[in-house]
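Asker: On the provided structure of chain D, position chain X as indicated by the hints.
Take a look at the letters that make up each chain.
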Amino acid sequence: MPRLTYNIAMVSDFFFPQPGGVESHIYQLATKLVDRGHKVVVITHAYADRKGIRYLTNGIKVYHVPFAIIYRSATFPTVFSFFPVFRNIMIREQIDIVHGHASLSSLCHEALLHGRTMGLRTVFTDHSLFGFADAASILTNKLLKFILSDVDHVICVSHTSKENTVLRAALDPVMVSVIPNAVVSENFRPRKYPPEPPAPNNGFGNATPAVHHLGPNDPVVIVVISRLFYNKGTDLLTASIPRILENHPNTRFIIAGSGPKSIDLEQMIEQNVLQDKVEMLGSVRHEQVRDVMIRGHIYLHPSLTEAFGTVLVEAASCGLYVVCTAVGGIPEVLPGHMTVFAKPEEDDLVVATGKAISALRANKVRTEKFHDQVKAMYSWDNIAKRTERVYKGIMGDIPEADFYGYDVGNTAAWNGESHSGVRSFALIDRLKRYYGCGVWAGKLFCLCAVIDYLLFVFCEWVFPRDRIDIAADWPRKVYHSDDDD
Amino acid sequence: MAGTGIRQSVVGPYSTLTPATVLPLDHLTTSPRSSRSYLAPEDAFNAASPPCRSGGFDHSSSNNNNMSLLRDTVAAAGSGDVRTSRRRESKFGSRSRSRRRKRNWKKILWVKQSYPDNYTDQTTFLDSLQRNPRLQPYEFWPLVADTTVIVQQVCSVTIFVVCFVGIFTERVSPVAVVGWGSFATFVGWAVWDWWVGQEGEDEVLQRQNSHRSRGAWQPRQDGGSANSTTAPTTPSAASSVTNLGSTERTTSQGNLIAMRSQHGGSVTSLHSNVSHNSRLLDPQDGLRHRPSSPLRRGRATLRLSTIKSASLIYFTILGLSPILKSLTRSTSPDSIWAMSFLLLAINIFFFDYSGGVGVKFPASLSTNAALMASTVLASRLPSTGQVFSLTLFSIEVFGLFPVFRRYARHRSWRYHVTLTVLLTVGAGGGMGLILGEGRDGVWPWKSGLLGVLVGAFIVIVAMGASSWWLIGLQKYKNAMNGPWDQARPIIISRRQWEYD
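These protein sequence lines are chains D and X, in that order. Residues in the first sequence are numbered consecutively from 56, following the working numbering. Residues in the second sequence are numbered consecutively from 639, following the working numbering.
The following block holds chain D by itself, in its conformation from the complex (with noise of 0.2 Å):
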């Protein structure tokens, strides 16, 4: 029986050249869905030196489209300005699922609607957590709830973030997936790790990577990676460095990373005359994380709040005991040999540290396992797989019992429309969604849509559908093993 592949949009404003975790998360994400036989294209909006179509490693084509930038490399939101070139874009590529990415990127927001509104199934990620009390997040989450009333599924990196965004848009927990981020380990390997497996299916008997014993008089090492800002937790950072570096003498800290808050930081240096233990390395690329990482032997995390936290997973992969405080999912990122967790408190840091830094000195971890456990706990083939999975259940390729969850026998009993199932395209349907969030923003909402739909209406007569060129795809790559289920 051949593979079911579907020709799939990833749409963010956040996409390479801009570094960061959603758009890694969008590449990788991408080329493993390629691998497994799927055709992805990125849609974003044009950078400074990028306007048009890209090809990228592996065959994904990356759309950028020609929008004005208003906020941290987001679009002005226009609603409907975007839907002309969308369709060309869908017609095009013939795509079938359309993916947004981030809640803050207005540019995937549009497209879900626009793909709703031309028959196409849409997927949401969210990557980020969001409180409930100031206006940004209030108006950010009636946004979300307009958009996410008529999406197919949704998926979350973390069981909090999926808490998070069932309250913030009022979904049925089913139709949420839990889905995180994954690292690509060969590109986090400890420092003393062999360099290259010999051959996949060599057996992996003798390449347990020899133990290395910390020696009494060697200091410790302790790396922090992060933006220096207020929601990173720089604050309790520049509070604990001075108490920790006085109970633990022969310790030193690397910080790598800025922003705001590293004047905080440099203040504090200076003030306490630690110059010789705490050194500061500026803003660090994404490739050059490792080469800091292995530098240490705790990675600390003070962060306030964190979806899913990449970060901790890079660093217990290059073999880095983690040492982060207990807020948003980050208890649910790793295991509790890897990791000691504080409070968000100064205290507490400074104890947990503490703690990390005597349990290194009695030689108790081991460091040097954490590499091929982090491999095997995150993968980024798994998290394709896992998403493949969402993308067949919306299609409809898997039963929608077993997708849902639903016991079967009753299925019989409903109709189309009060399931959260295979949602109805009738223009009728969507429209009684969204009439649902809110008295004034649900009237709001309906004319959006019916707007949107006059405008596919126009368009459809306008542009027709065969005066546009269907694009030539790259050879599908053909996946073969489909292994434990």
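Worth flagging that the hints you see were computed from the coordinates, not collected in a lab. Even for Gly, the Cβ is constructed at its ideal location relative to N, Cα and C. A few of these clues could be false.
Sample of chain D residues at the chain X side, in silico, Cβ under 10 Å [claimed, not checked]: (1) G383; (2) M393; (3) K398; (4) D403.
Answerer: This is chain X only, laid out in the frame that chain D set:
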């Protein structure tokens, strides 16, 4: 049974927001809460009882209610779910699946669990959700009491407007307005001065007692704030200093600066004050030898500088009045009225109602808007004297009077209420007077009295109604907190590296 439950939870946002009314299929509708197997968002929104119920509202118990209700839902639905999973097992019948399936779902990401990615575990899902964790239910009378500050500000603005109309229609002599205003300001200043002095003395005594009981003075502790510079006072010094004595030192430095700026104070006086404080930081022995002279001198300097800045303002306004008079001659009157209305509204809305006595810059936007309003209003007046009076009066009303009001409230609740009543009467009476037709020479006491009554009535009704409304609105409060919120870091030793 599980089927109906799922259907209930699954209808999506459409039913989420209109829970009871538009359930699309009613032939299957049993009790929605008991038969649900998956948690739907409306569990989070609607599960708990409304926040305000039977007076006292205990938020912790409400949280427990919420959680236990969710648990109940889960327990009721548990059997159905087990059946679901069983059936799936039998359908697939794959190796090791049945063995793995028995393992409990855990809220972790690093293990590949045998549950699908969109599995929602009912026992832990939204477990850490907290609703209204820091809710403090309002009570009626304290709320009414709190509205008095707003009433005071609104009445002050009304009185100012009344005075302007009086001057503008030439029913009231501008000299009378500014004379009475200045007299009241002077009295207020004197009272304020006395209060500040008294309070300082109290604080000194209190501190002495605490120091005596503590035995020794620790310099380390008092390094942080300027407020604690009073610490080294010895008993002998304090007893020799009378009422006036230690005022200066007890008000915190920031407070002094604020007061000074209220008086439009000059920089020199500030300097003297600062140097004074630093002198007080001298060790104990140094102070003992020259007990009271610096204190008394500081006090005098403060008053002198106040008088100096007052006269400075006086003459500045006097000089500026001819310019102000013709400032907006080319603007049509109705835009002036609209503009001043807008500015006074800004004043009322942005006024710092919560500020205590030590606020450094209380609502500068509000004060500036009011002064601009008075300036544009004054520019409508025909003569220099009138312009001068109105501008000076506005500074008294908007710049200095709030300081006094704040202090009166801080000082005693009775003063505050008295002031509120006086202001209400003044504003109501004034409105009555300017609205009633004025015959020359006859004191229109009837319309004044009517104004007082109507004003008092409006104020009382507004206070009660707004408080009642706010309490009524509280039941819509739904603050959701959980692990996704940004943590508040607790940092203790910041001061150590910042101030040492």
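Asker: Closer than 10 Å between Cβ atoms is the bar; does D:D403 clear it against chain X? Give me holds or violated.
Answerer: Hint on D:D403: holds, closest Cβ of chain X at ~8 Å, below 10 Å.
Asker: Can you verify the interface hint for D:M393: is its Cβ closer than 10 Å to any Cβ in chain X?
Answerer: holds (9 Å)
Asker: Min Cβ distance, D:G383 to chain X: is it shorter than 10 Å?
Answerer: holds (6 Å)
Asker: Measuring from the C-beta of D:K398 to each C-beta in chain X, is the shortest one below 10 Å?
Answerer: Result: holds, 8 Å to nearest chain X Cβ.
In the structure shown, no violation is registered for any of the earlier numbered hints.
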